[in-house]
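There are 2 protein chains.
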Amino acid sequence: MKKLFQYNWQVREDWFRWCEDIPEEELLKKRVGGVGSVLYTLFHIVDVEQSWIHFLKTQQNLEEPPFEDYASLSKVKALSNQFHAEIEPFIQSWTNEMDSLTIQATNSKGQTATFRHGEIMQHVIAHEIHHIGQLSVWAREIGREPVTANLIFRGLYE
Amino acid sequence: MKKLFQYNWQVREDWFRWCEDIPEEELLKKRVGGVGSVLYTLFHIVDVEQSWIHFLKTQQNLEEPPFEDYASLSKVKALSNQFHAEIEPFIQSWTNEMDSLTIQATNSKGQTATFRHGEIMQHVIAHEIHHIGQLSVWAREIGREPVTANLIFRGLYE
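Line by line, the protein sequences give chains R and H.
If you count by the UniProt record's numbering, then the first sequence holds residues 1 to 158, one letter each, in order.
If you count by the UniProt record's numbering, then the second sequence holds residues 1 to 158, one letter each, in order.
Isolated chain R (complex conformation):
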């Protein structure tokens, strides 16, 4: 579980570096599919990871911050770093026994559902990988090579 979070964080950093060579208007341009732009995708990944992990830690929901307040590469990176400092200790202290703990969540329509903690962790992992796949298509549209999605050859198991 932890390795997949580490993979996501490493890939995310690679994409932040990739963004440095791209004009900000390209990063903010509305595109087909996903949540609509490169930067909004990175912002959304950061926000969803933070809000679910915060919920596991505290059973409290967080409001999504308005993207307008973070619509630049430097601001999304800063938000990612800020949230990362909050959630990394929680994830690093994860044990397999925590997978089967249960938690109840209520959505905006008032519907309540019960989840396993491990299910939420895996949902967050898959969420980021899925959206990164969308970035890889848009990278080619911009005429650039995307960041590799390979999990091997990243030194995660050394």
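Treat the hints as calculated values from the structure; they're not laboratory data.
No experiment lies behind these values; they were computed from the predicted model shown.
Hints are not guaranteed to be accurate.
Because identical chains share one entry, a pair is satisfied inside a single copy or across any pair of copies.
[Unchecked claim] In silico EDC-like links for lysine to aspartate or glutamate, alpha-carbon gap of 20 Å or less:
no., residue 1, residue 2
1, Lys75, Asp47
2, Lys2, Glu64
3, Lys29, Glu86
4, Lys2, Glu86
5, Lys109, Asp99
6, Lys3, Glu97
7, Lys75, Asp14
8, Lys2, Asp99
9, Lys29, Glu68
Based on these hints, arrange chain H on the given structure of chain R.
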């Protein structure tokens, strides 16, 4: 680990069903990014999962079958089912202790590297989720709603 494979298999089946409503020429159309078409992506996902798991089971490499022999929805589905029958028992019998086993692999350039078995399993999981993210962009290009990538609300933990 097993839950993430089950997630991928369920999402893959959803995409096969999604494909049934799309003209085959759209499924085979060359697109920007990824491996180039919806059907080739599904074929590639199926092939990569099978070849890595086969390698973990037998330490033998498999050749990639030629896509020309599988370039229809029914043939890719049949290949997926055939391979699934071979690899599912291996994945279902996975235990956490197997994660740390090591295996050496040699690529086509003769370079050898050592991997953990768990690292290969996670590489295969991330590989499928990443490519499915690409399909979701192409679905919108075709004017269709993509399959949900949510891991929650799939009954995986019931």
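Hint check:
no., hint, verdict
1, Lys75 / Asp47, "within (13 Å within a copy, 40 Å between copies)"
2, Lys2 / Glu64, "neither (25 Å within a copy, 31 Å between copies)"
3, Lys29 / Glu86, "neither (30 Å within a copy, 44 Å between copies)"
4, Lys2 / Glu86, "within (15 Å within a copy, 28 Å between copies)"
5, Lys109 / Asp99, "neither (27 Å within a copy, 41 Å between copies)"
6, Lys3 / Glu97, "both (17 Å within a copy, 15 Å between copies)"
7, Lys75 / Asp14, "within (16 Å within a copy, 37 Å between copies)"
8, Lys2 / Asp99, "both (12 Å within a copy, 13 Å between copies)"
9, Lys29 / Glu68, "within (14 Å within a copy, 37 Å between copies)"
Hints 2, 3, 5 from the earlier list are contradicted by this structure; the remaining hints agree with it.
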